[in-house]
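Colleague: Read off the chains here:
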Amino acid sequence: MLPEDLRYSKEHEWVRVDGDQATIGITKFAADELGDIVFVELPEVGATLSQFATFGVVESVKAVSDLYAPVSGEVVAVNDALRDSPELMNSDPFGEGWIARVRVSDPGELGGLLDAGAYGELIGS
Amino acid sequence: MAYTPHTDADHARMLGAIGVASIEDLFADIPPAVRATRFALPAPMAEQEVRGELSRIAARNAVPRVSFLGAGAYRHLVPAVVEEVIGRSEFATAYTPYQPEVSQGTLQSIYEFQSLICELTGMEVASASHYDGATAAAEAALMACRLTRRDRIAISSAVHPQVRAVIRTYCSGPGIEVIEVPADLAEGGSGLTPVEAAASVLTDEVACLVAQQPNFFGGIEPMAELAEAAHAVGAQLVAHVEPTSLAVLAAPGDHGADIVTAEGQPLGIPLSYGGPYVGLMAARMASVRQMPGRLVGATRDAQGRRGYVLTLQAREQHIRREKAASNICTNQALCALAATAYLSAVGPQGLREVAELSMAQTRHTATALEEAGLAERRFGAPYFAEVAMRVPHAARRHAELAAQGIVAGYVLERDYPELGDTLLLAATELTSDEEIASLVEALEATR
Amino acid sequence: MSIAERTSADASGRGAAFTSPAPGDEVKVVEPLIFAASVPGRRAVRFPRPSEAARTAASAQPDLPAEALRDRAPRLPEVSELDLLRHFNRLSHLNHAIDIGFYPLGSCTMKYNPKVNEWVARLPGFAASHPLDPDALAQGSLELEWLLAELLKEISGMAAVTLQPAAGAHGELTGMLMTRAYHRSRGEGEQRTRVLVPDSAHGTNPATATMVGYETVTIPSNERGGIDLEALRAALDERTAALMITNPSTLGIFEDQIDQVVAAVHEAGAIAYMDGANLNAILGRFRPGEAGFDVMHFNLHKTFSTPHGGGGPGAGPVGVSDRLAPFLPAPLPVLVEGDPDEVRANAWRGRGTPGARFALEEPDSRPESIGRVRMHTGNFGMFVRAYTYIRSNGADGLRAVSEDAVLAANYLRVRLADAYDLPYDRICKHEVVFSGRRQKRRHGVTTLDIAKAILDHGIHPPTIYFPLIVEEALMIEPTETESLETLDRFADVMLDIARRAESDPDSLKRAPITTPVGRLDEATAARRPDLRHTFDDGGDAAGG
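Just so you know, the protein sequences line up as chains A, B and C, in that order. Following my numbering, the numbering of the first sequence begins with 1 at its first residue and continues without gaps. Following my numbering, the numbering of the second sequence begins with 1001 at its first residue and continues without gaps. Following my numbering, the numbering of the third sequence begins with 2001 at its first residue and continues without gaps.
Excised from the complex, chain A in its bound form:
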């Protein structure tokens, strides 16, 4: 059930690499743990993310969590649909619920992330 083509961080973010760009989001496990997501503080386009540093906040009805960048890079797009429909992160975390797309500044960082198997073990699935 974990997409095989993604890389994962221990903080439950995923990365989909496409050329020099990468799309990032949070995993289904993270979305389920948070419960009904009600708000996402998105980064600004043009902002620079550093790997494992916080770049935003996600809120559910009864919890709040920082978002940690799984890779470094410049934000080239954010998912504006989440502003009105944050529930997309619950209903389709690996697809419509994506958060931001970045231009990867150090592809070498990707090697330090987990594959689906290792992440699956981490969350005990």
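Think of the hints as simulated: they come from the structure by calculation, not from any bench. We treat Cβ as the ideally placed atom computed from N, Cα and C, and that holds for glycine. Treat the hints with care, as some may be off.
[To be verified] From the derived model, a few chain C residues whose C-beta atoms are all more than 10 Å from chain B:
hint: 1; residue: G2157
hint: 2; residue: G2187
hint: 3; residue: R2233
hint: 4; residue: E2337
hint: 5; residue: R2366
hint: 6; residue: D2404
hint: 7; residue: P2423
hint: 8; residue: R2438
[Said to hold, decoys possible] Calculated lysine to any residue pairs in the SDA-like style (CA-CA distance at most 25 Å, straight line):
hint: 9; chain 1: C; residue 1: K2509; chain 2: B; residue 2: A1302
hint: 10; chain 1: A; residue 1: K62; chain 2: C; residue 2: K2440
hint: 11; chain 1: B; residue 1: K1323; chain 2: A; residue 2: G56
hint: 12; chain 1: B; residue 1: K1323; chain 2: C; residue 2: G2213
hint: 13; chain 1: B; residue 1: K1323; chain 2: C; residue 2: F2466
hint: 14; chain 1: B; residue 1: K1323; chain 2: C; residue 2: D2237
Starting from the known structure of chain A, fit chains B and C onto it as the hints suggest.
Modeller: Same frame as chain A, but now just chains B and C:
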């Protein structure tokens, strides 16, 4: 002991169930080294005794027979129906509405409160309440700092001295610098905040300008221009207002205010030596996530029934802990209910009458003192329902009148050394012509 | 609490139609908003016309400038007094409250609020007292504040007390500001930047630390539910400003190493702050001042029975040791003429002291004060009630308050121990924390489901999901004012729910079914906030 129902038999049964020999055993975990060595409280009192004791103390207060004292707390009519509403124990003895299914009364009344405060202030969102007007203003200043990511605020010296003091205390926490904008208090001055003086301290490092409408001296500030000056540098305008004045004065939201705060006491809350009152706060919807305090929102249950819940709670301390917008938890809910009932009871017409009667009797007071040659207005600007009057030997005469049960307003020199011999006088709809006459007469006698 | 459902169509009468958040769907309205009852020209309260003299005199004064005037009247409801009263009375019927039924909401101390307290608070001498009245006219208010502070000092063993803070969290802010002022006065203000907080703490503790510019360091609890002393010692150093600790803890457990905790904090040069939210468990048994605490707050609305009012007002006086006293907020009520021992002794016998005179401190009389934390001297109406409660009880009564509160909590602990997991199975104080993890794992019934099922029995549920360190927490505080029959009935309900979790878990997931509304859609409420009534007259200035 009066309120614990347990009989000896109850005690025995509970101790037996727990499996301990005595109540002492339940306190064995307190280290002997730190057990209380004394507890020298007075003997218990029966109801008739405690009524007597409290009546004795209450009688030590000499409630003035005539009072022109306002300065942020006003003697207005508290309609009997408002007392009846807040006296209902279903409201008074409920906790914070954490279980919405059995708290719809509290929740809906807060939603109505938020709606009324938005309507009165011309703002988009109002919080469920703050401790008082001053702490609301202080929280607003901190909120402006979060919104603008700046750490300096400016405040007019014509803001209530106690409000300024509380803002200074709150700002000392995170180390926010407070710059004071001197009001025009010169001889023949307006008593207002000069727009140029505000503009001269407003830089792109200042998060907000805090101004009061009507200001501490009752004067009508140029709020729209002050807002413009603040906005010119990307700062917010925090408008600290008096709620009954909003029946006649422009809604601060229409004059560019970004955050509005107020002391809600005039809305049906007794003076009660300073509390409990209720702090009001309203803001723009775009700022809601930085807003401190509880918010109630409307939603539905599975059967389509409309209901109300505490919402956007991720701003609050019980979820966000050290990253919360504020540490506020308990607020002033029952006082907010009083304000809700009050505004509903007086309606738009009644609130206007309160404002206009208060204005009329304040003007009556000023004119009567001027005509008797006892006082003259200290400032030139138009005022709402409070007026600063120059009265020779103000402090002495204020004390002499107090001894006769007449409080001739507030001695401004206490907070403004440059305003010697100046009294701040407020009248309300409860002020009678006879009371004004007795003030004039008593001042005459101390000439 | 059975309220007939009415739809907006039949409830709105002649008033403005109820506006639905999503037009099209039928919205069932339990009680329409007050705005729905509004009819132009109707009113409840009338005021007299200004007199001829007032009108004439007023014309001699400057008019308000036109640009400062409001261009449209605020759309406040226009209702008759009877309609208004019925609206709020019907709303009140939708509430659970102590005066209706059992309310074992842990950490909140929902004990009976004696009615004589309300009677005294309404005495005209108190209610009509203006906070800026000259001290000579406010001797009763000042005496009451001074006497209450004296009682709180005796109860807590602290050297001095301020009544100014309006709530517990406000007291915390006051205490932390004093802590910082103290360290600054010793030249250690820059160096001491961290506040230690146990992981079982109320969220207000870390939030308060942040408001004062401090960094929060979380200290784990040990397996017995107390603070981990070794972890505490390891975290304490020259950067530590204070430890904030709730005792008894939010697990309802007395910190049985509290003497060592305080000693370790002091050894590091830090301030020991006691969150007094649970003082109601230890009255007459433990005085924080004697145990070496430097600062603490009281919650008059918990320990001393002032009503919670649906979320406030409370009152959060703060007591301090001698070394923090110079930093207390100003002004304090002080006895300026008269012998304090004599004034106290007389008051305890219900007598005044001739010649005694009270006053508020002169401005700037304590240059090291942190300043004001609110206007005036505090939530005075709460002081009157708390003073009355303390005087009604006396020393023996207050001791019995704690004894019976602790007895009741332990009784429920034992009665429910087989049905629910007890993560810290030991003698508790005024509250006991269970875990619903067994019900969740075995039957998929969450603590939320259990809470909702309790509602159907006319009982308010315990606090849930707090403290955070207990999975599926159920925090029960019965208080001393509930009879054994009430406690037994509650225990029976809890046991029945535990059985139903096994036999019919779905029935719990459907709960509540007897309340005015069912479980509400909190996610939509937060995603698309509807925080105020929208007028449907097309003139909504702030329609954002």
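Colleague: Determine whether the non-interface label on R2233/C survives the test: each CB of chain B must be over 10 Å from its CB.
Modeller: Since the minimum Cβ distance to chain B is about 17 Å, R2233/C lies beyond 10 Å and the statement holds.
Colleague: With 10 Å as the threshold, tell me whether R2438/C passes as away from chain B on beta-carbon distances.
Modeller: Non-interface label on R2438/C holds, nearest chain B Cβ at 22 Å vs cutoff 10 Å.
Colleague: Just want to verify: G2187/C was marked as not at the interface with chain B; is every Cβ pair farther apart than 10 Å?
Modeller: Per Cβ check, G2187/C is outside 10 Å of chain B; nearest 17 Å; holds.
Colleague: Compute the least Cβ-Cβ separation between E2337/C and chain B, then decide whether it is above 10 Å.
Modeller: holds, 14 Å
Colleague: Straight-line Cα separation of K1323/B and F2466/C no greater than 25 Å?
Modeller: Roughly 18 Å separates the two Cα atoms, so the pair holds.
Colleague: Does P2423/C sit more than 10 Å from chain B, CB to CB?
Modeller: holds, 17 Å
Colleague: Take the C-alpha atoms of K62/A and K2440/C, compute the straight-line distance between them, and say whether it is at most 25 Å.
Modeller: holds, 18 Å
Colleague: Going by Cβ atoms, does D2404/C stay more than 10 Å from chain B at every point?
Modeller: violated, 5 Å
Colleague: Take the C-alpha atoms of K2509/C and A1302/B, compute the straight-line distance between them, and say whether it is at most 25 Å.
Modeller: Holds, at about 13 Å.
Colleague: So if I understand the rule, the pair passes when the alpha-carbon distance is 25 Å or less; does K1323/B with G2213/C pass?
Modeller: OK: K1323/B and G2213/C at ~11 Å, within 25 Å.
Colleague: Is K1323/B within 25 Å of G56/A, Cα to Cα?
Modeller: Roughly 13 Å separates the two Cα atoms, so the pair holds.
Colleague: Beyond 10 Å on every Cβ pair: is that true for G2157/C relative to chain B?
Modeller: It is violated; G2157/C is separated from chain B by about 7 Å at its closest Cβ, not greater than 10 Å.
Violated hints for the displayed structure, listed by number in ascending order: 1 and 6.
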